[in-house]
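Fit chains B and C to the given chain A structure using the hints.
Residue numbers (this note's numbering), protein chains in the order written: chain A, 1 to 187; chain B, 1 to 425; chain C, 1 to 310.
Derived by calculation from the structure, the hints in this document are not laboratory data. Since this is a predicted model, take the numbers as computed values, not measurements. Mixed in with the good hints there might be a few duds.
Some, not all, of what chain C presents toward chain B, calculated at C-beta under 7 Å [as the list claims (entries may be wrong)]:
(1) T89
(2) L90
(3) V111
(4) P112
(5) G113
(6) A114
(7) F117
(8) G132
(9) R172
(10) P190
(11) S192
(12) H196
(13) L201
(14) V205
(15) N208
(16) D210
Cβ coordinates follow ideal geometry from the N, Cα and C atoms, glycine included.
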Amino acid sequence: MKIIETIADELGFVRTISRLAHEILERNKTLENVVLIGIRTRGEYIARRLAAYLEEVESVTVPLGVLDVTMYRDDVRGHLKQPLPHKTEIPFDISGKTVILVDDVLYTGRTARAALDALTDLGRPACVQLAILVDRGHRQVPIRADFTGKNVTTLEHEEIHVLVKEIDERDAILLVETPEPQQPGKD
Amino acid sequence: MNSVLFKNAHIVDPISGRDEVTDILIEHGTISSIGKPAAPSSVETIDLKGAIAAPGFCDMHVHLREPGYEHKETIATGTAAAAAGGFTAVACMPNTDPPIDSAEVVRAIIDLASGLAVDVLPVGAITRKREGEELAPLAELAGAGAVAFSDDGAPVVNSRLMRIAFEYALMFNKPLIQHAEDLSLTNNGCVHEGAVSARTGLPPIPSISETVMVARDLMLAAYTGGLYHVSHVSTAGTVNLVREAKKRGVRVTAEATPHHFTLTDEATAGFDTNTKMKPPLRSRDDLEAIKEGLRDGTIDAIATDHAPHAEHEKLVEYTYAPFGIIGLETAVGLTLRELVLPGVLTLVEAVEKLSTNPRRILGLKEIRLEPGEPANLTLFDMNNRWTFDVAKSKSKSRNSPFHGESFPGKIIGIFNRQQFIRAND
Amino acid sequence: MALSIRHLLGLENVPREDIQLILDTTPSFLEVINRPIKKVPTLQGTTIVNLFFESSTRTRVSFELAERRLSADVVNFAASTSSVNKGETLLDTARNIEAMKVDMVVMRHSVPGAPHFLSRMCTSAFINAGDGAHEHPTQALLDMYSIRQKTGALEGLNVCIIGDIAHSRVARSNIFGLKTMGASVAVCGPPSLLPHDVESLGVRVFTNLDEALSFSDVINVLRIQLERKAGAAFPSLREYRETFGITGKRLERLPNPPLVLHPGPLNREVEISSDVADGPASIILEQVTNGVAVRMAVLYLLGTRKESDS
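Chain A on its own, in the form it takes in the complex:
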């Protein structure tokens, strides 16, 4: 794996999070009815950062859930490697809520599509908004983000790697070159 460019270092990363948080605040006049749901794996950590930031600046605790979309993927059987499902942990009812889905990278849009299907099985939110740390383009389905931390123009053979302290030891956003063609549908 070759790093082409560091899109954001630790400081840039924090700034991107706060930009996202402010976009959310701007759109949602009140956070009363808002819940954050991070998409496993790294979406969960981005959602936690957002929740922490919102708590800090607004003194509001936004309910936080984690969504695993493996069982809703359209490529479970076609995928080169078998993905393993993990638990979805949403300890509240999403019906009637403003659900903000959070993920690290928006690429083909298939993960977000799977997440919307998964949400449908869990309840009927008042509305769903999509918050994305990095949008790298190349959509395959008609999905767009409501909140975007960064837009990065990428080539097909490149990838965006989002690193988070909790599991990757540091915070960073990297543009890397993939040695092999991307796995179909990898988002």
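Same frame as chain A, but now just chains B and C:
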């Protein structure tokens, strides 16, 4: 071809004691001379290059399935398999349909086998229809040519009936060949009861199912003075009982099959129905006891229990599959591979178990490799390894667990009844 | 990380990593079946045949629920007898399955090895839902999951299986699976209901129930049936209950009463008394719930497995 000169034949003959490489000249089905030089140019010459020439092998336990089950085997296909496997004689068991419990069936079988290179020796039933209820017409059967009596496939359960049979058969000096099995102990079993059946959950047959019956029969044989032959010995217990009985002077003989001295119940762990036979493949201890019994003479004969079954009959659930495997074409290879090469038996002893002893048990004429005697020979090459391809079997059936295995001692052919049959045709 | 096995025919010789993966994947599916909408689209387009040659309501329903909750296309094929009774061979059955182009086969049969035979001849992935007295791997997996849910781990646990061990596929699969996972396994029952060479399975053997209970952290109580014919291995259900029945009175005497499992259906007041079956130590109903989740995990892991995973 009724005349041939076998050059450089390694004669192994337990009776004459010959053990030498020499030439055998056969003219019109009779050995006319042994020794060099002997080369009348009119006779076809085959150079055996030191391959073995032994007295013709006799398999005293086969199922030829005719009459009644011609989709499994016929006398023609069964004897072709016998010839390919190096046997010049086979004793065929009476579990046909109709069973061999009348002179007509004995004669019909002998008739069907006439002209073949392999002698077919019918074994008559001990009881009518092999049902274990009343004695079969043993005198009539013996008169028609039955060489021994057996209800094989089923035991004679009734002790009184078995006693009477022992006594009655003494008139003909022919043995009772018992399929020794206590059916109540077998219950619905189909594999050896032991560590493997504990794992597979297949219904088990305990070793005592055989041993209990052998113990009873030996007591009956001792009491009546009857001639008793134990079929397909599978347990250490049977070997011990027969050994002790022989010491006491009971008139008992015994046979073991190649599969019982080659395979153990471990082979059944994969649920291949070609590992299902009766008696079942037993434990390693039983296998070693059988080898020891063969070595020390407790077990007199090697017999195949050749039991052909059609493919569709075997390709079913394990418990529904019929018991038995074909064995005529692999018997010599297994004997050499499992017994002779590892030193359990000498080559001469192996020839005794395959030829001399079974013929003696069945009261047949001795084969002598001497001038003036009818030529009855099995020829095989100890230096030529071969691989068994069941698809090429001469048998009508394909139920063998030994497909693809390699053996020493490729069969060259047999000579019997004025015919030389090449194994490779 | 994917299963090394292509079929789930039994737990004998299944590596620890595979069992671990199935048990670790189960909670995700348990979460699904606790939702208001208990269905995910994961196996959409996958065709599964439930091939039951032996009647079974519970196991079939549990599998069918698992399959439908994964959105698989489900076909139920029930035949009370073997193909052989119709003059067909098992090979004919195999060829028919192949011709129907199904992806997975869940198979119950009264003869040990029947699914092994079919799986050798078909390209579909096979799950053994019980083959005679041989194996019932998903039952043992759900038993192990249920135990682990309560105790946290299987390693080092003393587990005793009580009843007719000789004829029990549940017993065999549990013995193989639990031993692989590091538990210490014992069996208890009348000697006439233990396999002849039972020690060769690597288990401790008790013929005295109270000794077995003192040994055990967990007991798995098997359903007992009396064959109404000569050769029954014990004289009466009453005598069995007196000697091997699990009752509250027996458990009361123990300083640490064991966790109680039963594969069902229960013979109340025969092998187990109602006060135990419905009591605090019993996890019999959890087993049923977990059964669906474990089967979903197995179906998912086998149904989405790629050859390149192995």
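Hints, one by one, checked against the model:
1. Hint status for T89 (chain C): holds, given a least beta-carbon distance of 5 Å to chain B, under 7 Å.
2. At its closest, the beta carbon of L90 (chain C) sits 5 Å from a beta carbon of chain B; the interface hint therefore holds under the 7 Å criterion.
3. A distance limit of 7 Å between C-beta atoms decides the matter here; for V111 (chain C) the minimum to chain B is near 4 Å, and the interface restraint holds.
4. Residue-level restraint check for P112 (chain C) holds (minimum Cβ-Cβ distance to chain B is 5 Å; threshold 7 Å).
5. At about 3 Å, the closest approach between the beta carbon of G113 (chain C) and any beta carbon in chain B falls short of 7 Å, and the interface hint on this residue holds.
6. Here the hint on A114 (chain C) is kept, as its CB sits about 5 Å from the closest CB of chain B, short of 7 Å.
7. Given hint, F117 (chain C) at the interface with chain B, holds; its Cβ is 6 Å from that chain's nearest Cβ, closer than 7 Å.
8. Because the smallest distance between the Cβ of G132 (chain C) and any Cβ of chain B comes to about 6 Å, under 7 Å, the interface hint for this residue holds.
9. For R172 (chain C), the shortest C-beta to C-beta distance to chain B is roughly 6 Å, which falls under 7 Å, so the interface hint holds.
10. With a least beta-carbon distance of about 16 Å to chain B, the hint placing P190 (chain C) at the interface is violated under the 7 Å criterion.
11. A hinted interface residue such as S192 (chain C) counts as satisfied when its beta carbon comes closer than 7 Å to some beta carbon of chain B; here the least separation is about 13 Å, so the hint is violated.
12. Interface restraint check for H196 (chain C): the shortest CB-CB distance to chain B comes to about 5 Å, inside 7 Å, so the restraint holds.
13. At a threshold of 7 Å, the smallest CB-CB gap from L201 (chain C) to chain B is about 6 Å, leaving the interface hint in force.
14. At a threshold of 7 Å, the smallest CB-CB gap from V205 (chain C) to chain B is about 12 Å, leaving the interface hint violated.
15. Given hint, N208 (chain C) at the interface with chain B, is violated; its Cβ is 21 Å from that chain's nearest Cβ, farther than 7 Å.
16. The interface hint given for D210 (chain C) is broken, as the beta carbon of that residue sits about 25 Å from the closest beta carbon of chain B, more than 7 Å.
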